[in-house]
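Q: As given, the protein sequences belong to chains A and B, one line each in that order.
FYI, in the numbering used here the residues of the first sequence are 1 to 278.
FYI, in the numbering used here the residues of the second sequence are 1001 to 1344.
Keep in mind the hints are simulated off the structure, nothing from the lab.
Even for Gly, the Cβ is constructed at its ideal location relative to N, Cα and C.
Heads up, incomplete: computed chain B residues facing chain A, CB under 7 Å, no partners named: (1) 1002; (2) 1229; (3) 1233; (4) 1241.
Some, not all, of what chain A presents toward chain B, calculated at C-beta under 7 Å: (5) 69; (6) 89; (7) 90; (8) 93; (9) 98; (10) 105; (11) 106; (12) 108; (13) 109; (14) 118; (15) 148; (16) 151.
Keeping only pairs whose Cα atoms sit at most 30 Å apart, straight-line, the calculated DSS-like set for lysine-lysine is: (17) A:248 / A:37; (18) B:1243 / A:82; (19) A:129 / B:1246; (20) B:1246 / A:82.
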Amino acid sequence: MGLFSYGYYYSNEHVWGFNMLAAHNISLTLSGQTILKEVSFEAPEGALVAIMGPNGAGKSSLLKVLSGDFPTTLDQVALNGKRLSHWTDAALAQFRAVMPQSVQLNFAFTVEEVIEAGIRHPMPIAKRKAHILEMLAMFDVGHLHNRNYLTLSGGEQQRVQLARVLAQLEATSASETKYLLLDECTSSLDLSHQHQVFRVLKEWISTRRAGVVVVLHDLNLAAQYANAILLMDQGCVVEQGAVRDVLKPKTLSDVYRYPVQVIEHPAGWPLVIADVSA
Amino acid sequence: MYRLFQSPLQAAWLLSSLLALALSISLTQGAVPLSVIQVYGTLIGILDDAYAQLVVIDIRLPRVILGCIVGAGLAIAGAAMQGLFRNPLADPGLVGVSSGAALAAVMIIVLGGTWLKQWTSFWGYFALPMAAFLGGLLVTAIIYRVSTRNGRTDVALMLLAGIAINAIAGAATGIMTYFASDEELRSLTFWTMGSLASANWTDVALSGFPILLACGLLPMFARPLNAFLMGENVTRHSGFDVKRMKRIVISLTALAVGAAVAVSGVIGFVGLVAPHLVRLLVGPDHRWVLPMSAVMGALLVVVSDMFARLVLSPAELPIGLMMAAFGGPFFLWLLLQQRARVGF
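The following block holds chain A by itself, in its conformation from the complex (with noise of 0.2 Å):
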């Protein structure tokens, strides 16, 4: 996944990366502390991609970086060609859509309408409603429509804002690739609704042009459903790739300062256990 690979520049609206996320050269020093150096990145469409690290190595400022909440780093991001300081917000909206690690709401608004919320493309009401309910019934949520948000429990209102980045993409019939750029979006979830959403992440990449940025703890569900890692630590990036060339014991022990073995699951993944004998 070497950078420029994918596109050329030609002009100065269209920079690089044709149908991809793309950073480029990355650094931010937030008040005098350096949160990211030297960090390029892609994420093309048909792939999911992992942003992997210890607590503190960057991977939700890089992902702030790549939904363009630093104003400074606009130009050194490019979605699908061109820079995004070129999209205004609204046309980012009908492609990309971004899940913060939380959300903090202090109304008591119904799931049903945390939904809309997200929503700025105007669709009929009858079919607006059907279409929010059919994206809460794909992260389970749907008998909880009528709840108070703020009633749910913590794995409930991550799967709902699932449900919100998902319907967002779905309410618009763009022609862009489209990228879902998640925070954490599965830290508060069981073992099945863990693997539901991967899987339902999975099944829209490969019926939609599409691609998807997680920021991820689990070593394992990355192994089972990315397509690349980015691993970093202290603001660089240490290895960047397909799972099994990042995945390697001596990187993984050397990043999260834990002695890690990797052993190879049946199913033909590789397979991360913390090495408790050592």
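Starting from the known structure of chain A, fit chain B onto it as the hints suggest.
A: Quick look at chain B alone, frame taken from chain A:
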């Protein structure tokens, strides 16, 4: 289910009917005893009674209409601010917007003939409302600036800044009283306590235009405000132009509060209580909260003003006092109920 009305439309009808009822009763009440027939006969023009004409058309009618306008303006401003600050505590009175507007008005009254002569001669009759608007706008901008970091509003900072601004405005208003003549002093008391007693048709026209503008335009931002309750970034990623929305909503809020304060002084609690009541009825969706808060605010002010006139009749209490005396305990009771609920 945790809402009193499943159908917001039903609640809207109920509120509107209550407002109509309050208006029609309020017109028949006052220091001058007039019969219902006298009042409505005069109103629809079939009764030729010069005295009733004077009382109803020139005193009571502008007063209840002004009450509606002021209440609607304060309440919709409160609802919009609560959305913008993502917090049900934001109220134009509590965070100092009203007192900023009142201070500006007081400065025009006291210094209008001397230091601020250029301002008053330039704006003429609009000098005072314009100053109140700018005072409100300045305070809103300061509060927002102080309390918002990286797109997150710190509630504690917001309230502390509000306390500071209320203190500064209070001190400055106090200083003004030293420079004020007797007549000016009476005006000052009016601004700080809030009153509809001097209502006339000019006031109605003066506050009506900006407040109707705010009531007309603010609901257009209901959907971005809904998304905004989940955070600034969520709103932007959902495709709404956050900067534009914030700029316009802040200006319209300041405009409505400034216009209300310019004609009625500082009337607290409306901006806090009205949106809260509406959320209890229909939930926090701004498409309903904004317009219905306006109706609820009008209802609260018209009813309070009626009691302000009746309690010590023929003398009357300042409506600000009335609002605080009844609004305060009522709000405490609401907060007690709130403990059993999750979210506002």
